[in-house]
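Whole structure, please, built from the sequences with the hints as guidance.
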Amino acid sequence: GAGVSQSPSNKVTEKGKDVELRCDPISGHTALYWYRQSLGQGLEFLIYFQGNSAPDKSGLPSDRFSAERTGGSVSTLTIQRTQQEDSAVYLCASSLRGPATMNTEAFFGQGTRLTVV
Amino acid sequence: DAKTTQPPSMDCAEGRAANLPCNHSTISGNEYVYWYRQIHSQGPQYIIHGLKNNETNEMASLIITEDRKSSTLILPHATLRDTAVYYCIVRGRTGGFKTIFGAGTRLFVKA
Numbered sequence: 001g002a003g004v005s006q007s008p009s010n011k012v013t014e015k016g017k018d019v020e021l022r023c024d025p026i027s028g029h030t031a032l033y034w035y036r037q038s039l040g041q042g043l044e045f046l047i048y049f050q051g052n053s054a055p056d057k058s059g060l061p062s063d064r065f066s067a068e069r070t071g072g073s074v075s076t077l078t079i080q081r082t083q084q085e086d087s088a089v090y091l092c093a094s095s096l097r098g099p100a101t102m103n104t105e106a107f108f109g110q111g112t113r114l115t116v117v
Numbered sequence: 118d119a120k121t122t123q124p125p126s127m128d129c130a131e132g133r134a135a136n137l138p139c140n141h142s143t144i145s146g147n148e149y150v151y152w153y154r155q156i157h158s159q160g161p162q163y164i165i166h167g168l169k170n171n172e173t174n175e176m177a178s179l180i181i182t183e184d185r186k187s188s189t190l191i192l193p194h195a196t197l198r199d200t201a202v203y204y205c206i207v208r209g210r211t212g213g214f215k216t217i218f219g220a221g222t223r224l225f226v227k228a
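Residue numbers (our numbering), protein chains in the order written: chain A, 1 to 117; chain B, 118 to 228.
Among the clues, some could well be false.
Claimed, not checked - In the DSBU-like style, the derived pairs of lysine-lysine whose C-alpha atoms are separated by at most 35 Å in a straight line are:
#, chain 1, residue 1, chain 2, residue 2
1, A, Lys-57, A, Lys-15
2, B, Lys-120, A, Lys-57
3, B, Lys-227, B, Lys-186
4, B, Lys-186, A, Lys-57
5, B, Lys-186, B, Lys-120
6, B, Lys-169, A, Lys-57
7, A, Lys-11, B, Lys-227
8, A, Lys-57, A, Lys-17
9, A, Lys-57, A, Lys-11
10, B, Lys-120, B, Lys-169
11, B, Lys-227, B, Lys-169
12, A, Lys-11, B, Lys-120
What the hints contain is simulated information worked out from the structure, not anything from laboratory work.
Spelled out as C-alpha cells, the structure:
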C-alpha cells in the first residue's frame, strides 16, 4: 500500500480481555516499530523488528505485551488480560532500512485507539 | 541516544515564520537531528532531518548550530494547518527509531 496501515482504528475492550492490533507496513520496508502514546504524552517505544533478526523488545512494559511479525511484513501486537492503564493510541511505523543506515525516516500509521473499560 | 529539550508550547501568527527551538547538548558526532509533527488524531509525520549543514525542503528549514548542540525548525509561512505538536529527536546509529519521542512543542497558529 501507499502508507502504513493499522487496524482497527478504534478498539473498545473489557478489562481482562485479550486484544490484537495489526500493522501493515509499507511494502519493502525491513524495519517496523510499535509505539504507545497516552493522552497528551509523547511516544513511548515498545518493540522493534529489523528483517529476520530477533526483535528488540526492550520497551515492552510487561509480559502481557507481545508482538510478532510474520514473513517480514505484517505485524501483530497482542495485549493479554488488558488493564485500564493500557488505554492509549498504539502507533506503528516502518522504515526502509535498519539502524545501521542513518538517512532513513520512519513513516507512521494513523494508530489504533485502545480503550479498556 | 541524546536527549532533547523543547518548549512545551508556542504561538505563531498565520503567515509569519514559526521558529521552533530544540536543545540537544549531548548529541554525538554521528547522530542526526530529526523533526516530526503530529496533527491531532493522526500519526506523526516526517518533516526534515540533518547532521551538520542546514537543510531545506518543501515543508521547512532546519538550522543546526555549529557546535550541533541546538537546532531550529523554521516553517517560513505558517498556516492554520500547521497547528500540531512538533517533535525533535536525535537518532543514534543503533536502535533505529527506538528513541523515545518526548512531549514536543505544541504550536498554535492563530489567524
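Hint check:
The hinted pair formed by Lys-57/A and Lys-15/A meets the criterion: a straight-line CA distance of about 24 Å does not exceed 35 Å. Proposed proximity of Lys-120/B and Lys-57/A is supported: the alpha carbons are some 21 Å apart, at most 35 Å. Between the alpha carbons of Lys-227/B and Lys-186/B the distance comes to roughly 30 Å, so the proposed pair stays at or under 35 Å and holds. Straight-line distance between C-alpha atoms of Lys-186/B and Lys-57/A comes to about 30 Å, which keeps the hinted pair within the 35 Å bound.
Under the criterion of a C-alpha separation no larger than 35 Å, the hint pairing Lys-186/B with Lys-120/B is consistent with the structure, at around 11 Å. Among the hinted pairs, Lys-169/B with Lys-57/A is consistent with the structure: their alpha-carbon atoms are about 32 Å apart, no more than 35 Å. Restraint check: the Cα-Cα separation between Lys-11/A and Lys-227/B comes to about 34 Å, which is no more than 35 Å; the hinted pair holds. Between Lys-57/A and Lys-17/A the alpha-carbon distance is near 22 Å, which keeps this suggested pair within the 35 Å criterion.
Taken as a hint, the Lys-57/A and Lys-11/A pair is honoured in the structure, with Cα atoms around 23 Å apart against an allowance of 35 Å. Of the pairs offered as hints, the one joining Lys-120/B and Lys-169/B holds, with about 17 Å between alpha carbons and a cut-off of 35 Å not exceeded. Between Lys-227/B and Lys-169/B the CA atoms are separated by roughly 32 Å; this keeps the pair inside 35 Å, and the hint holds. With a CA separation close to 33 Å, the supplied pair Lys-11/A and Lys-120/B stays within the 35 Å bound.
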